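Here's the letter readout for the chains.
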Amino acid sequence: MTPSLLQRVAAGEPGAVQGVLDQYGGLVWSLARRFSANQTDAEDAVQEIFLDVWKSAARFDPTVAGEATFVSMIARRRLIDRNRRSGRRPGAEAIHEGSAFDPPDAERAAQVSDDAGRAARAFKELSQEQQRVLRLSIFHGLSHEKISAATGLPLGTVKTHARRGLIRIREVLESDSVSAKETVS
Amino acid sequence: MSALTREQHDRLNDLLADRALQGLSGAEAAECDALIARLAALPAGGDDPESIDRVVAALQVAMEPDDAQPMPAHLRRSVEARARREQNAPAPAIVGQIRPARSGGVSPWWVAAAAVIGVLVGGWPRGASTGAPSIAAVAGARDVVRASWQTAGELQSVQVSGEAVWSSERQAGYMRFAGLPVNDPAVEQYQLWIFDPSQPEATPIDGGVFNIASTGDVVVPIDPKLKVSGPTLFALTIEKPGGVVVSDRKRLVLVCKPT
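Chains as they are written, first to last, in our numbering: chain A, 1 to 185; chain B, 1 to 259.
Check each hint, because a few of them may be wrong.
Only some residues are given here: those of chain B computed to face chain A with a beta carbon under 7 Å [stated by the list, open to error]:
no.: 1; residue: Q22
no.: 2; residue: L39
no.: 3; residue: R54
no.: 4; residue: V55
no.: 5; residue: A57
no.: 6; residue: L59
no.: 7; residue: E64
no.: 8; residue: D67
no.: 9; residue: R76
no.: 10; residue: A83
Please keep in mind that the hints were generated in silico from the structure rather than gathered at the bench. Source: prediction; values computed, not measured. Beta carbons are placed, not taken as given, at the ideal position from N, Cα and C, and that holds for glycine.
Generate coordinates for the entire structure from the input sequences, incorporating the hints supplied.
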């Protein structure tokens, strides 16, 4: 099996870092800009994220998640951590950046990453309210409190939609994974 | 170990969802870790505690617009340069002898921990040898704080570099030094102090006593004697052998303040 970009980074292979930046630089930059207060903050965040990516590359397991998901997970953790430390979170004004309520395009997502495509398909099966809450939270980075204020939903309902929606998608992904293993065997 | 009640299971799922979506406070993270530990101790184990994080990350990828802009060229050059530095950095030597303050001898546990950390903190993961828990895992912790050392007092004019890295969630961290003068353990030792909201400023947390045997790149694990909830300042003093309970701070030599 051909080693993935992150596995090549972990092995210290020349050109692997450039490959990761070609493939995921735009994703990380996009996330950092949306979750950061300004350009300088976003650039600092990108530096920290990729440092984490290089140091974590050896932990990447392609049987558990796709590379884009792995990089996105590291990026989100770092950005959430930075925002918690600074006491900053994206505000409700962020909702106006882009289309807040469009469901993700599963076919396009699948081209980037298989698990992103499957997650997008499972997302579309959620209730409209669950989709709305998760999109505001994940894409726009709003806190539960701000989602409650922006949507008029009670805070408890926002939390329940988020939890149940994520658990439902996890169930679908795990079920897909079991089916795939049974097909192989 | 008993199974979680339905309420505890729901609470864990709430915490895992919150962790993935917006992060947790220190108290929530501790509660989450405790519930995960209880589940993990059961014969059947539990759901992978990172599974919700992966769902959110996969959705994040799916939601990204097609027309994402590439990162600016100057930023990319900077990221590449830093990657090269990490890749070429020699593995740091573990030469700091770690021992708890005021104890009689070197703890084998600490020697082992220092050795593990020394192997794994080499900056750049090399092959599959870095799969175990490691400094990289501490650095990847969601609440990790890091700050660069600044010299003070008698080391004001000495070139010392490095950083302190800490995760309150994991209660683990390390210090990295280059250029810190070698000490004579029979005469004096370095002692770390951690300023934390849980303690009065006059009595910061003792972070451990250690020796430096090389001015090269050195990594020393942090050894707090109390739980650290959110360090606001790390300070290094030189003290008598064995360290002290409360420092007079007359020989404060390094400080770093997490941002």
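Task: Supplied contact hint for V55/B, tested at 7 Å Cβ to chain A - done: 5 Å, holds
- [ ] Answer holds if the nearest beta-carbon of chain A is closer than 7 Å to that of D67/B; otherwise answer violated.
- [x] 9 Å, violated
Open item on the list: Next item in the hint list is R54/B. Is there a CB on chain A closer than 7 Å to its CB?
Closed with: 5 Å, holds
Open item on the list: Does L59/B hold up as a contact with chain A if the rule is Cβ-Cβ below 7 Å?
Closed with: 5 Å, holds
Task: chain A contact restraint on A57/B - CB to CB distance below 7 Å - done: Holds: closest Cβ of chain A sits about 4 Å from A57/B, inside 7 Å.
Open item on the list: Checking hints one by one. Is R76/B an interface residue toward chain A, by the C-beta closer than 7 Å rule?
Closed with: 6 Å, holds
Open item on the list: Holds or violated: the hint that L39/B contacts chain A, with Cβ atoms closer than 7 Å.
Closed with: 15 Å, violated
- [ ] Would you settle whether the hint for Q22/B is holds or violated, based on the nearest Cβ-Cβ distance to chain A being less than 7 Å?
- [x] 5 Å, holds
Task: Per-residue hint verdict: A83/B, partner chain A, C-beta under 7 Å - done: 5 Å, holds
- [ ] Classify the hint on E64/B as holds or violated, based on whether any CB of chain A lies nearer than 7 Å to its CB.
- [x] 6 Å, holds
In summary, the numbered hints that this structure violates are 2, 8.
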